[in-house]
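Here is what each chain is made of, one letter per residue.
Protein chains: 2
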Amino acid sequence: MKRILIIEDDLNIAELERDYLQLNGFKADIVQDGAQGLQRALTGKYDIVIVDLMLPNKDGYEIIKEARKNLDIPLVVVSARGEDISKIRGLEYGADDYLTKPFSPGELVARIKSHIKRYERLKGNSRGASEVLTHAGLEIHTASHQVSVNGREVQMTAKEYELLLFLASHPNMVFSKEHLLSAIWGDDYFGDTATVAVHIQKIRKKIEKDPSNPEFIETLWGTGYRLTSNYRG
Amino acid sequence: MKRILIIEDDLNIAELERDYLQLNGFKADIVQDGAQGLQRALTGKYDIVIVDLMLPNKDGYEIIKEARKNLDIPLVVVSARGEDISKIRGLEYGADDYLTKPFSPGELVARIKSHIKRYERLKGNSRGASEVLTHAGLEIHTASHQVSVNGREVQMTAKEYELLLFLASHPNMVFSKEHLLSAIWGDDYFGDTATVAVHIQKIRKKIEKDPSNPEFIETLWGTGYRLTSNYRG
DNA sequence: ATTATTGTTTAACATTTTGTTATATAATGA
DNA sequence: TCATTATATAACAAAATGTTAAACAATAAT
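Chains F and G supply the protein sequences, listed in that same order.
If you read the first sequence in this note's numbering, its first letter stands for residue 1, the second for the next number, and so on.
If you read the second sequence in this note's numbering, its first letter stands for residue 1, the second for the next number, and so on.
In short, the hints are calculated from the structure, not lab data.
Some hints could be false.
Derived list of chain G stretches under chain F, where covered just means 3 residues or more per stretch with a C-beta under 8 Å from a C-beta of chain F [as the list claims (entries may be wrong)]:
1. 38-44
2. 68-79
3. 117-123
4. 134-145
5. 148-159
Chain G is faced by these chain F residues, among others (derived, beta-carbon under 7 Å) [stated by the list, open to error]:
6. Asp72
7. Arg121
8. Leu122
9. Asn172
10. Thr223
Note that the Cβ used here is the ideal one computed from N, Cα and C, for glycine as well.
Could you put together the complete structure from these sequences and hints?
Right under this line is the structure:
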């Protein structure tokens with residue numbers, strides 16, 4: 001369960017926010033004092049922080065600025081209408097989003113969810129986060145290790161899958177056979193790069209319509225292989 | 001320099017956005033068609049994408065949804081006032097931000113900057129360093145080894161690519177054929193400098209409109225070759 | 001233990017790239 | 001201008017690289 005810190009001196013607003021967030025499965029704490037809020041944020045116990053701009057002791061800008069030095073979690077600024085100029089300043093100080101009161105609770109929740117999703121997407125172990133990789137008809141389901149082309153499922157062996165997944169995880173990047181060998185087989189592996197070529201061939205046989213004219217895994221002569229996400233008409 | 005893709009059918013708005021972004025040091029491309037926009041976004045050549053909601057062929061929601069499968073860069077939705085309900089939907093589909101027209105150009109730029117900052121912060125700043133070299137219409141994508149001229153992709157062989165990359169990495173500098181030979185072919189290479197000349201020809205054939213009157217790779221008689229980043233009337 | 005599956009190596013073959021050469025064209029300077 | 005020199009172009013030969021099938025080895029399954 002995600003934990004949210006609300007730094008807001010108006011208790012009515014703060015509780016409204018908390019209630020809505022709780023209804024949506026979050027756990028939210030309220031702090032009414034700016035300096036205290038910054039301290040709590042820095043404990044690292046929260047997944048996201050919502051900060052009001054006008055606060056006793058330490059205003060929202062300062063909190064954002066200070067917190068950002070040590071936190072990369074989403075920081076959302078909230079302020080009363082009319083302080084719009086500060087919007088830009090808030091963003092420049094390191095806030096991730098800006099909401100103007102009054103806002104609908106639904107919007108708050110949606111934004112919070114969106115920020116959490118993005119944060120996990122970008123932080124999450126490089127690829128495990130996204131479950132399905134898609135490149136123009138090619139689908140790789142990382143959870144089930146299933147691969148399909150235009151809806152038709154294709155059986156991959158372990159090495160084939162690994163190699164394909166690696167290429168698909170780095171679309172548009174060229175990798176030499178040596179690079180692929182050390183990436184998939186391990187740095188210390190003794191072996192010929194021909195192995196890579198053979199596996200590429202086997203993958204192509206399975207996923208390409210015309211393996212001698214590959215659509216997905218391109219060969220760059222003298223350079224390596226590349227899985228391109230470009231459609232080619 | 002960060003590259004931004006603007007998917008927006010209203011050319012007035014698109015150009016306004018582009019101009020402001022360019023004034024702020026970004027490079028921005030415009031696509032007016034939804035389906036085409038998605039394709040361009042998926043090439044992986046952009047650091048951020050701005051999408052209008054109402055588009056011909058493929059609307060903003062679909063673009064966001066599809067693009068998000070393969071991209072973790074910031075996706076910003078833009079829409080006319082009154083479509084506010086969709087705000088939440090856009091965010092749920094994977095957008096990173098939402099702007100309602102009309103917005104001030106300053107705000108657009110501030111948000112874009114903020115998104116880029118966050119992205120780099122969360123990605124660990126690993127990417128984005130010198131991924132794309134640009135010289136007046138000529139683009140070299142070092143990750144994918146793709147070269148394009150005015151948006152059209154051009155196929156390069158390994159040696160051609162190496163040579164072009166070398167020249168483009170040192171714009172405005174003249175290199176003798178001897179220098180290029182030892183830089184690309186190696187210090188100990190036995191071979192004629194004619195080889196360099198021939199490769200220059202081959203590159204010119206691919207990237208120059210009129211290879212006998214080259215715009216990119218100039219010949220300096222008795223001295224060598226130079227890739228100039230200046231336009232020449 | 002036997003069989004089936006998967007992975008690796010080999011070698012013949014096909015393809016692409018690269019370098020060389022010959023010839024044409026253009027620039028330079030007397 | 002004309003000879004001289006440098007560069008451009010095209011065609012070809014050589015080298016490098018990639019593909020493929022098939023034999024062999026290793027691993028997993030029955």
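- prompt: Given F:Leu122 was flagged as interface, is its beta-carbon under 7 Å from a beta-carbon of chain G?
  reply: The hint holds - F:Leu122 has a Cβ within 7 Å of chain G, the shortest such distance being about 4 Å.
- request: Double-check F:Arg121 for me: the hint is only fine if its C-beta lies closer than 7 Å to a C-beta in chain G.
  value: Since the shortest Cβ distance to chain G is 6 Å, the answer is holds.
query: Checking C-beta pairs, does the segment 134-145 of chain G have three or more residues closer than 8 Å to chain F?
result: Answer holds; 4 residues pass the 8 Å Cβ test.
- prompt: Can the segment 148-159 of chain G be counted as covered by chain F under the rule of three residues or more with Cβ-Cβ separation shorter than 8 Å?
  reply: holds (count 3)
query: Checking C-beta pairs, does the segment 38-44 of chain G have three or more residues closer than 8 Å to chain F?
result: holds (count 4)
query: Quick one, is the F:Asp72 hint okay against chain G at 7 Å, beta carbons?
result: Since chain G brings a Cβ to about 6 Å from F:Asp72, closer than 7 Å, the hint holds.
task: May I ask you to test the interface hint for F:Asn172 with respect to chain G, counting a Cβ-Cβ separation under 7 Å as satisfied?
output: Constraint on F:Asn172 satisfied, holds at 4 Å.
task: Under 7 Å, Cβ to Cβ, is where F:Thr223 needs to be relative to chain G, so tell me if that hint holds or is violated.
output: holds (5 Å)
Outcome, coverage of the segment 68-79 of chain G by chain F - at least 3 residues whose beta-carbon is closer than 8 Å to one in that chain: With 3 residues in contact (Cβ-Cβ under 8 Å with chain F), the coverage given for the segment 68-79 of chain G holds.
query: Are 3 or more residues of the segment 117-123 of chain G near chain F, judged by a Cβ distance of less than 8 Å?
result: holds (count 6)
In summary, this structure violates none of the numbered hints.
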